[in-house]
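Colleague: Dock chain E against chain L, hints included.
As given, the protein sequences belong to chains L and E, one line each in that order. Quick note: the first sequence, position 42, residue 42 per this note's numbering, numbers continuous. Quick note: the second sequence, position 205, residue 205 per this note's numbering, numbers continuous.
Because the hints were derived from the structure by calculation, they are not lab data. Any given hint could turn out to be false.
What the hints assert, rightly or not - Which chain E residues stay away from chain L? Per the calculated CB distances, all over 12 Å, these: (1) H55; (2) T74; (3) V82; (4) I127; (5) V135; (6) A158; (7) D166; (8) E175; (9) A181; (10) A183; (11) L193; (12) L249; (13) V278; (14) F279.
Claimed, not checked - Among the chain L residues that face chain E by a calculated CB cut under 7 Å, a handful are: (15) P38; (16) A185; (17) F186; (18) G188; (19) A193; (20) A194; (21) K197; (22) E198; (23) Q199; (24) R206; (25) A217; (26) L220; (27) G221; (28) Q224.
Claimed, not checked - From the structure, some residues in chain E lie toward chain L, with a derived Cβ separation under 10 Å: (29) V14; (30) F217; (31) R225; (32) S270.
The beta-carbon is built from N, C-alpha and C at its ideal position, and this holds for glycine as well.
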Amino acid sequence: MTKSLGFLLGTMALMIFGGCAGSERGVAFRVALLTPGPITDQSWNSAAYAGLMRIKDSLGAQVSHIQTKTPAEFDENFRQYGASGYSLVFGHGFEFQEAAARVSPEYPNTIYVTTGGISMGKNLASMSFSFDEPSFLAGMIAASVSKSDIVGCLGGTELPPVKASFLAFRAGVHAVKPRATVITAFIGNWDDAAAGKEQALAQIGRGVDVIFQNADAAGLGVFQAARDSKSVYVVGSNSNQNEVAPRVTLGSVVIDLPHAFITVAREVKAKTFQARVIQFNTRSAVVRWVPNPATASLLSARAISMVDSVRATMLAGHFSLPAGR
Amino acid sequence: MSATSAFAEAVVRVATPLAYAALGELVVERAGIINIGLEGSIIAGAYGALVFAGHGGAIFGVAGALLAGILLATLFAVFVLVLRADQIITGTAISMLALGTTGALYQTMYGSVGAALTTPTFAPMVIPGLSSLPVVGRALFAQPVMTYPLYLLFPILAWWLYRTADGLALRAVGEKPSAAAAAGISVSRVQWLALLFGGAMGGLSGATLVLAQAGTFLEGMSAGRGFIAIAIVALGRWTPLGVAGAVLLFGAAGALQFLAQAMAWPIPYSISLATPYVFTLVVLAVARGRAVAPVALGAHRE
Numbered sequence: 001m002t003k004s005l006g007f008l009l010g011t012m013a014l015m016i017f018g019g020c021a022g023s024e025r026g027v028a029f030r031v032a033l034l035t036p037g038p039i040t041d042q043s044w045n046s047a048a049y050a051g052l053m054r055i056k057d058s059l060g061a062q063v064s065h066i067q068t069k070t071p072a073e074f075d076e077n078f079r080q081y082g083a084s085g086y087s088l089v090f091g092h093g094f095e096f097q098e099a100a101a102r103v104s105p106e107y108p109n110t111i112y113v114t115t116g117g118i119s120m121g122k123n124l125a126s127m128s129f130s131f132d133e134p135s136f137l138a139g140m141i142a143a144s145v146s147k148s149d150i151v152g153c154l155g156g157t158e159l160p161p162v163k164a165s166f167l168a169f170r171a172g173v174h175a176v177k178p179r180a181t182v183i184t185a186f187i188g189n190w191d192d193a194a195a196g197k198e199q200a201l202a203q204i205g206r207g208v209d210v211i212f213q214n215a216d217a218a219g220l221g222v223f224q225a226a227r228d229s230k231s232v233y234v235v236g237s238n239s240n241q242n243e244v245a246p247r248v249t250l251g252s253v254v255i256d257l258p259h260a261f262i263t264v265a266r267e268v269k270a271k272t273f274q275a276r277v278i279q280f281n282t283r284s285a286v287v288r289w290v291p292n293p294a295t296a297s298l299l300s301a302r303a304i305s306m307v308d309s310v311r312a313t314m315l316a317g318h319f320s321l322p323a324g325r
Numbered sequence: 001m002s003a004t005s006a007f008a009e010a011v012v013r014v015a016t017p018l019a020y021a022a023l024g025e026l027v028v029e030r031a032g033i034i035n036i037g038l039e040g041s042i043i044a045g046a047y048g049a050l051v052f053a054g055h056g057g058a059i060f061g062v063a064g065a066l067l068a069g070i071l072l073a074t075l076f077a078v079f080v081l082v083l084r085a086d087q088i089i090t091g092t093a094i095s096m097l098a099l100g101t102t103g104a105l106y107q108t109m110y111g112s113v114g115a116a117l118t119t120p121t122f123a124p125m126v127i128p129g130l131s132s133l134p135v136v137g138r139a140l141f142a143q144p145v146m147t148y149p150l151y152l153l154f155p156i157l158a159w160w161l162y163r164t165a166d167g168l169a170l171r172a173v174g175e176k177p178s179a180a181a182a183a184g185i186s187v188s189r190v191q192w193l194a195l196l197f198g199g200a201m202g203g204l205s206g207a208t209l210v211l212a213q214a215g216t217f218l219e220g221m222s223a224g225r226g227f228i229a230i231a232i233v234a235l236g237r238w239t240p241l242g243v244a245g246a247v248l249l250f251g252a253a254g255a256l257q258f259l260a261q262a263m264a265w266p267i268p269y270s271i272s273l274a275t276p277y278v279f280t281l282v283v284l285a286v287a288r289g290r291a292v293a294p295v296a297l298g299a300h301r302e
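This is chain L alone, in the form it adopts within the complex (with noise of 0.2 Å):
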């Protein structure tokens, strides 16, 4: 509510002062960002608000962040920041694609740029994170170290990302023990976080005993579980998640969102950008697997050198998951 009404504190300034900003446009270099949970969550919104500030920081650009809560929010943001004549909008996440499309030919000044996607326009371009590969390494360390051979995967919503890299992880499992068992399940929202550990507890009582959360806030409690339950291990996301609860994360599927945010808006700022799907993937160093070296004692020495085999295969660009089963 607050950031909302600074918001719109400093949208009717500019309203007030249109007419001198309008003379020296182009002056200042202008970012936004809206995200859909809140960025103190150590994960996903975490890291596309260390994002902006790298922006800030690096290319002296004026920055502004809305943590948007509901869908209908997006249009507006969008709109209220395409009129203020910022020059790049970031909607951070998949969800914020249609909102975008809709907007975006409204105001052709503005760059708008969703974190994960395929659309692309004039204006409007996506950035897609091969968030399948560091997902696929982590499934085969969840299945060297898991003992029971279950092992979960519990997300916020539904979302084709995180969809499409649980799919990965599973079959990240599947190459090092065919026969383990994967189970899936979502809590239905990214803040619960009571939720997240009541799901994870509930996944525990089955067996599990490695968990490959990516619930942003509500995944906080799959840590919690892990912290609460005898050797049940958590493999976090999005962000480097290790310093969360060191004993029990074997590592984080990361994606490094403050360089991806920065390569956007060096081209933005001098004007080269292209709109399109940008990619990211282990090659570019954007997206990569990050062990915890608190826990690397769980893994076996054969584990270790499956992992690197794999990744350089990953590096050399002739990584293609294996059919799904």
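Modeller: The following block gives chain E in isolation, referenced to the frame of chain L:
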């Protein structure tokens, strides 16, 4: 640990934060007020629990949650009882205010990209003997200490509401405030106390989320429990035992959907997520015709 026992434990865990919130709202509604700001008391309670527990441990956290919940209820009471503002509008505004303010405070006090805060938590407290009962033993008596006061609060409230003069006064205020006033009951005093009690219970609901479950604070972690609690009060027909039953029903429906996903039952997850709400509709439909809402509930008084 058998599957049934694990399920029963999950039922009680899911039900606990809802039980506090619904218990408080029950008293508030029996005084003729509907406090939609309950969600605000819960999130404020969760934040209060985080801040205080960080300074003095989990017990101190409970105190912080109580204070924060009461603070929000006081705000609601000032607007509704003193300034005579509309209850629904005030409640909605207070919920939104609390969700926004706790988020902003959290970012201010703990940094915008936040440290992964873990608060001191209550470990499950196993009660010897009782916890060995079959099926429900561990579910009821191997819970964090936050759960146990509820076993006393519900029966005490049932007795107080129907067997004491003060309980009668509360009900009279909710049914016919003018008659209560004529009988010498201070309507506004009763409503003030009911609201403060409701706020305290909302705070404890938030404390449960932080200190007994998630072990951390997150923006918006109340996740609509205040609104669910209001539905539970109606489902429980505004009686303590009815509300206790409705809370357990909701707990069961919630635990069932966790179980359904963990067991990989072939149900789309969006359907299993809807089970608590489908349960509500079914029960409301079956139990229809015996609605006993306090007559003066939500009435605007000059």
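Colleague: Which of the listed hints are not met by the structure?
Modeller: Checked against the structure, no hint fails, so every one of them is satisfied.
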